[in-house]
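Trainee: Protein sequence lines correspond, in order, to chains A and B.
Residue 1267 is where the first sequence starts when you use the numbering used here, and the numbers rise one by one after that.
Residue 1267 is where the second sequence starts when you use the numbering used here, and the numbers rise one by one after that.
Treat the hints with caution; some may be incorrect.
A pair counts as met if it fits within one copy or between any two copies, since identical chains are not told apart.
Listed next, the in silico EDC-like pairs over lysine to aspartate or glutamate satisfying Cα-Cα at most 16 Å (straight line) [as the list claims (entries may be wrong)]:
1) Lys1529 <-> Glu1579
2) Lys1384 <-> Glu1294
3) Lys1298 <-> Asp1314
4) Lys1529 <-> Asp1576
5) Lys1321 <-> Glu1536
6) Lys1321 <-> Glu1354
7) Lys1604 <-> Glu1536
8) Lys1321 <-> Glu1284
Since the hints were derived computationally from the structure, they do not count as laboratory data.
For reference, the chains in residue letters:
2 protein chains.
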Amino acid sequence: MKNIIVQKFGGTSVGSTERIAHVAKIIEAATKNSKVIVVVSAMSGETDRLIELSKSFSSTPNKREFDALISTGEKVSASLLAMALESEGISAKSYSASQVSLRTTSQFSKAKILDIDKQRMQKILEEDNVPIITGFQGITEGGDVTTLGRGGSDTTAVAIAAAVDAKRCDIYTDVDGIYTTDPNVVPSAKKLEQISMEGMLELSGQGAKVIQIRAVEFANKYRVPVRVLSSFSEGTGTMINLDDNNMEDAEISGIAFQKNQTKVTFTAVEDTPGIASKILGPLSDADIQVDVIVQNVGIEGKTDFTFTIDSDEKFLLDRVVPIIQESINYKDILIDNKIAKVSIVGVGIRSHAGVASKAFRALAEHNINIGMISTSEIKMTIVIAKNDLEKAVRVLHDEFELEK
Amino acid sequence: MKNIIVQKFGGTSVGSTERIAHVAKIIEAATKNSKVIVVVSAMSGETDRLIELSKSFSSTPNKREFDALISTGEKVSASLLAMALESEGISAKSYSASQVSLRTTSQFSKAKILDIDKQRMQKILEEDNVPIITGFQGITEGGDVTTLGRGGSDTTAVAIAAAVDAKRCDIYTDVDGIYTTDPNVVPSAKKLEQISMEGMLELSGQGAKVIQIRAVEFANKYRVPVRVLSSFSEGTGTMINLDDNNMEDAEISGIAFQKNQTKVTFTAVEDTPGIASKILGPLSDADIQVDVIVQNVGIEGKTDFTFTIDSDEKFLLDRVVPIIQESINYKDILIDNKIAKVSIVGVGIRSHAGVASKAFRALAEHNINIGMISTSEIKMTIVIAKNDLEKAVRVLHDEFELEK
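Next comes chain A alone, as it looks inside the complex (with noise of 0.2 Å):
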């Protein structure tokens, strides 16, 4: 059975049953020319009221019932899905993460993939229907219900697609592909008809909000053809292509940014080796994203280290900062979450050193100060002032002519 795609379908494409005789539809389409394995996330909205059910109690529900209790979400879209083509008089079948063996680690609400029964999988291919399976969590060794965190579904989506060797994976959203800028911001912006892997897993760790970064990670990984389109429009969406060597990249592909940004600075530290490790191992250890890093120059052994967060993982540092303080000296620690990112992609920053200075003289004739700046392979990523990123996105993207 080589002819297979995985479709998967978020929140605001299943958000109502009207939407979801929609999203029937499109799969009674796609089940003419190919098997499909249908993933779906929660109805939009309802993972929202979970999440405030669970807040009754507590402000910090405990994990294993919180998981446990959202995951029920993608159970009912999936069952309405299933009756929604049934009614079509297409035969389908809806199987929860624990009827899948869809195993993960047991960090609940941040679980990860570790793997799918391919056997049953294959089973379940070999049934006259179309299998549609819950988005977004999984099942402990244990037998624990766990979540992949927002977004997971993606994840679930492709994972599954690299375990059946599917041709494709069609991820099914609101916008109608990626732009080489959120349109919202700069309405010029430029629907692109396909990225480099490489280039999307630039993009879309820096926000591009349309598919889940960890997703990305797997297509790579393993090798899954990975499309983005839209659930409400006709349209070919964009194809995030495997192989590079075909590729035909843009020199600067997109700008991508992220608002809620929190800098943390543990100010005269130790210019010492392993200084960096006994920072950064506790946040690993609590599950929180460290990104941008920056150690100064150090002067008289001392120096200032720098780095952004995700401003809703702030309230875990609280926990992590008192580890780190019996194992380093600091003078002071230095809280800014008025800070944002923004950051240029494409194979372009490789090999054009001219891309730094243009960009840099760009935001200073805007009066724009730069923070930090880290560059990747294929990234630049810039951090600014809260206030100025709307007016970045937008400079960056005209500096770089991407409306063309």
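Starting from the structure of chain A, add chain B where the hints point.
Mentor: Same frame as chain A, but now just chain B:
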């Protein structure tokens, strides 16, 4: 571990987060003296909300998916209750039917419990927390989710009590015990301190809506003492006694009734052995519960065969009648859905032949016409017109002086 109590909380008892917080306090108090296992229903209204969603695509949704859908309701309340207990400092853990391996038959929406993994239950009991198990549902051998039908959470609770050899199963609901009849119909109805298992079985079967009949059958079969009480008010409820010998059952313990009944008559069927099974067999296969059955004396080798069913199941007849038609000859099918049943329950029935004549005379004095009569050891059921039902209940309650 001998001192185990199973507490079951119905939909109104967990109908809001405030009610759930209150239930947590009831459980907390019980944990002081016993090891407690909790079984929960869905929050009241939730199952109806899910049923409503399922009707968006078809009036007869796929049964497997229907069960998968509505079983999410108990998962939500189980997790919320665990969170509520945790916030009171009581460690708790929710379990789905699949997590406790509660196996059922594969009749969706009407599944019957086959067994509970006792080893698994033992392990769960050894953990230092309150297990909270989803009522109303199970899984098939193949891992599909099933539901037990409305009220099935009572059966789950009693089955779990039987599996762990519990001292008692407390069914918490929104009424404070079993009454001699419905207090809404007869305001002077009296709460019973205790009732025999046998008496309860008859009362329950006839629609005393406090506890599900299958739960009482289970309790009877596995010798589990059951208590019915309110989560809304203090009180000791009604104890359903195991030991018939120690029982001080009243001569007549109560008046039960069921409003929405349908009478089905096959006229002029052949009066030969096996005719009953040819009619009742297909009904049983379709899982239609047949109650009062009357076969008139045959005249010229022909007889009329009449039975009553719950009006809610009338739609199922359409499937069954063609099957019956293939195996028997008859003249007509008469269907009357304007009937109701009223039952006099108590050990007095078997000892005093006078009960029947007393009842018939009282009904006649109030111009209530009697349709069919069926008697068991401790119950006499009378089929009457639906319009006469409330009057009949009041007349019989008065006649047997049950308010005393």
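Trainee: Should lysine 1384 paired with glutamate 1294 be assigned to within, between, both, or neither, using CA atoms and 16 Å as the limit?
Mentor: neither (25 Å within a copy, 44 Å between copies)
Trainee: 16 Å Cα cut-off: does lysine 1298 pair with aspartate 1314 within a copy, between copies, both or neither?
Mentor: neither (36 Å within a copy, 36 Å between copies)
Trainee: Regarding lysine 1321 and glutamate 1354, is the shortest C-alpha distance of 16 Å or less found within a copy, between copies, in both, or in neither?
Mentor: Close across copies (14 Å), not inside one copy (39 Å); limit 16 Å.
Trainee: Go through the copies and call it for lysine 1321 and glutamate 1536: within, between, both or neither, with a Cα cutoff of 16 Å.
Mentor: For lysine 1321 and glutamate 1536, the Cα distance exceeds 16 Å both inside one copy (42 Å) and across copies (66 Å).
Trainee: What label fits lysine 1529 with glutamate 1579 when the C-alpha limit is 16 Å: within, between, both, or neither?
Mentor: within (12 Å within a copy, 65 Å between copies)
Trainee: Have a look at lysine 1321 and glutamate 1284 and pick one of within, between, both or neither, based on CA distance no larger than 16 Å.
Mentor: The answer is between: 12 Å across copies meets 16 Å, while 30 Å in one copy does not.
Trainee: Checking an output row: lysine 1604 and glutamate 1536, CA cutoff 16 Å. Within, between, both or neither?
Mentor: For lysine 1604 and glutamate 1536, neither the intra-copy (27 Å) nor the inter-copy (89 Å) Cα distance is at most 16 Å.
Trainee: Using 16 Å as the alpha carbon limit, work out where lysine 1529 and aspartate 1576 are close: within a copy, between copies, both or neither.
Mentor: Within. Shortest intra-copy distance 9 Å satisfies the 16 Å Cα cut-off; inter-copy 67 Å does not.
The earlier numbered hints that this structure contradicts are 2, 3, 5, 7.
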